[in-house]
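Colleague: Those protein sequence lines, which keep their order, are chains F and L.
Here the first sequence is numbered in the numbering used here, starting from 83 and rising by one per residue.
Here the second sequence is numbered in the numbering used here, starting from 83 and rising by one per residue.
Be careful, since some hints might not be right.
The list cannot tell twin chains apart, which means a pair is met if one copy fits it or any two copies do.
To be verified - No more than 27 Å apart at the CA atoms, straight line, and that leaves these computed lysine-lysine pairs for DSS-like:
hint, residue 1, residue 2
1, K155, K249
2, K292, K249
3, K292, K155
4, K262, K155
5, K249, K262
What the hints contain is simulated information worked out from the structure, not anything from laboratory work.
Protein chains: 2
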Amino acid sequence: MSVQDIGRLDGLAYPRGAAYMNGQFIALSEARISVLDWGLLHSDVTYDTVHVWNGRFFRLDSHIARFRRSLEKLRLRVDLTDDALRDILVECVRRSGLRNAYVEMLCTRGVSPTFSRDPRDAVNQFVAFAVPYGSVANERQLREGMHLHVIDDVRRIPPASVDPQIKNYHWLDLVTALLKGYDAGAETVVIKTTDDAIAEGPGFNVFVVKGGQLFTPEAGVLHGITRQTVFDLAARRDMAVRAARMSEQQLRDADEIFITSTAGGVMPVTRLNGAPVGDGQPGPVTRGLFDAYWQAHDDPAWSLAVDYDDQVCG
Amino acid sequence: MSVQDIGRLDGLAYPRGAAYMNGQFIALSEARISVLDWGLLHSDVTYDTVHVWNGRFFRLDSHIARFRRSLEKLRLRVDLTDDALRDILVECVRRSGLRNAYVEMLCTRGVSPTFSRDPRDAVNQFVAFAVPYGSVANERQLREGMHLHVIDDVRRIPPASVDPQIKNYHWLDLVTALLKGYDAGAETVVIKTTDDAIAEGPGFNVFVVKGGQLFTPEAGVLHGITRQTVFDLAARRDMAVRAARMSEQQLRDADEIFITSTAGGVMPVTRLNGAPVGDGQPGPVTRGLFDAYWQAHDDPAWSLAVDYDDQVCG
Numbered sequence: 083m084s085v086q087d088i089g090r091l092d093g094l095a096y097p098r099g100a101a102y103m104n105g106q107f108i109a110l111s112e113a114r115i116s117v118l119d120w121g122l123l124h125s126d127v128t129y130d131t132v133h134v135w136n137g138r139f140f141r142l143d144s145h146i147a148r149f150r151r152s153l154e155k156l157r158l159r160v161d162l163t164d165d166a167l168r169d170i171l172v173e174c175v176r177r178s179g180l181r182n183a184y185v186e187m188l189c190t191r192g193v194s195p196t197f198s199r200d201p202r203d204a205v206n207q208f209v210a211f212a213v214p215y216g217s218v219a220n221e222r223q224l225r226e227g228m229h230l231h232v233i234d235d236v237r238r239i240p241p242a243s244v245d246p247q248i249k250n251y252h253w254l255d256l257v258t259a260l261l262k263g264y265d266a267g268a269e270t271v272v273i274k275t276t277d278d279a280i281a282e283g284p285g286f287n288v289f290v291v292k293g294g295q296l297f298t299p300e301a302g303v304l305h306g307i308t309r310q311t312v313f314d315l316a317a318r319r320d321m322a323v324r325a326a327r328m329s330e331q332q333l334r335d336a337d338e339i340f341i342t343s344t345a346g347g348v349m350p351v352t353r354l355n356g357a358p359v360g361d362g363q364p365g366p367v368t369r370g371l372f373d374a375y376w377q378a379h380d381d382p383a384w385s386l387a388v389d390y391d392d393q394v395c396g
Numbered sequence: 083m084s085v086q087d088i089g090r091l092d093g094l095a096y097p098r099g100a101a102y103m104n105g106q107f108i109a110l111s112e113a114r115i116s117v118l119d120w121g122l123l124h125s126d127v128t129y130d131t132v133h134v135w136n137g138r139f140f141r142l143d144s145h146i147a148r149f150r151r152s153l154e155k156l157r158l159r160v161d162l163t164d165d166a167l168r169d170i171l172v173e174c175v176r177r178s179g180l181r182n183a184y185v186e187m188l189c190t191r192g193v194s195p196t197f198s199r200d201p202r203d204a205v206n207q208f209v210a211f212a213v214p215y216g217s218v219a220n221e222r223q224l225r226e227g228m229h230l231h232v233i234d235d236v237r238r239i240p241p242a243s244v245d246p247q248i249k250n251y252h253w254l255d256l257v258t259a260l261l262k263g264y265d266a267g268a269e270t271v272v273i274k275t276t277d278d279a280i281a282e283g284p285g286f287n288v289f290v291v292k293g294g295q296l297f298t299p300e301a302g303v304l305h306g307i308t309r310q311t312v313f314d315l316a317a318r319r320d321m322a323v324r325a326a327r328m329s330e331q332q333l334r335d336a337d338e339i340f341i342t343s344t345a346g347g348v349m350p351v352t353r354l355n356g357a358p359v360g361d362g363q364p365g366p367v368t369r370g371l372f373d374a375y376w377q378a379h380d381d382p383a384w385s386l387a388v389d390y391d392d393q394v395c396g
């Protein structure tokens, strides 16, 4: 990944990209929010992410629709039509020149001019940015499968506390589990719900393949758009999907395991808690869905081309 | 509260104050973190806050010690000695010219130059700032008592997910409850733990006075330094304090209720869910602790004077 952008204010290196905030397109290193923004100080913020592959956005309308639902639930306001929002995201990518990009839209509660503790006094702040496409799994892991650990002693924040359908940045449970997992030799982790079911990992949903059927957790997890895409692709091939409570034993008994994320798509898991999954190779169902997932990126019904004109900024 | 500082980058109004980041003291409006900082994007950050009253910090060493414990638990690194950290906070206040200030120190996971998802790749970022002193209760509420509601349908993020002794910004449960409380006529709210005990409110602990004794929740809440100060003041007057599971019924049966926070100290609650607490006036125990709390701010053992030299910056 190229690092092109050196911050004028801090001298730090930033990935290549472009951003939008306060009504302007700016360099990524200049996209900064106040330390008084409640988006930082109370994680009072929602977001969505979408990716661009080979110059085309994938399922952008689904991501914008989910962003709208999250905003409404948190009583946050973005004064842009869906068309204007889409144009801003496309323009970020066009200005970045990136053919493969990870694109994020977010809205913070914002700053209150008096630092009032009443969230209704803050001025909501919309930000969008495009950076080089990144994946939960690196190239080797996509080819050979990831090493996943189930971390037992950190539990996913329950829906009674934070609605997981509001896409949120409350990740300390996931970050803590990830650091514990690294200590134990994991490449990534999944954690459980407070009532002992498998939940999700840092930024991804998890699927089990067993006897030709797909299984994935339903409660207490984000209903990811890549997860939905797997449902849609499975339906096309008459493969049953059961979204329901999942035990750790189901993971242990799996023929195949894969994880799904906008950051990486369909990614094979070939070791669980240090032991091989199935024969320890990415399985046929995972490979079939992987191929179908990336082929779907050329489908005009699910994708939107960016009109690059060789302009490259930031 | 005076608004003096208009942001050069965004044209927004900021409170008067001063900040420190990247090794420099800067205007508050210029204190900004990258939108790529995991402190924003994963709320992967810890902090502490302390206040200055009549030109003196209150229990600063306790706040710095807690900040160190939070940093260690999250594997975040601030390359400053306690003395250097103290000097930076004092200098923020001195530069602000504020005699009454709210002072925050925080450390984010930071930005990874490649936007890597591995938290170990990020460059941790320390920030400190001083703003005008703010309180959970306004002047009228301090005099007459606050109207508190118990919100039942949002539960505090449990310790199994996020250790509440790591001071953290995972506040969507509290913000959601606060917005629901405002709808119902509340001035502030408390929420419960996932196992139905009273937990805490947005930035404060809660106390019940009953039969001359003090009661406060113990599990699933931040052990606030103002809460500890109330324990210390109660010990001086031979008043028993019981830190244990608290039911909503205990709140309903209270002789007096008060809340505690670095942002406001000891603050009376005179209405609970719309009904008067006791006789509906701040009670004698609350008033006694209120007075003792503010008198303690002159105690050299618990306070540190700022050496102002009439310098006042933005």
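Colleague: Evaluate each hint against the coordinates.
Modeller: For each hint, the structure was consulted:
no. : hint           : result
1   : K155 with K249 : both (10 Å within a copy, 26 Å between copies)
2   : K292 with K249 : neither (29 Å within a copy, 42 Å between copies)
3   : K292 with K155 : neither (36 Å within a copy, 39 Å between copies)
4   : K262 with K155 : between (33 Å within a copy, 12 Å between copies)
5   : K249 with K262 : both (24 Å within a copy, 20 Å between copies)
Hint check: violations occur at hints 2, 3; the rest are consistent with the structure.
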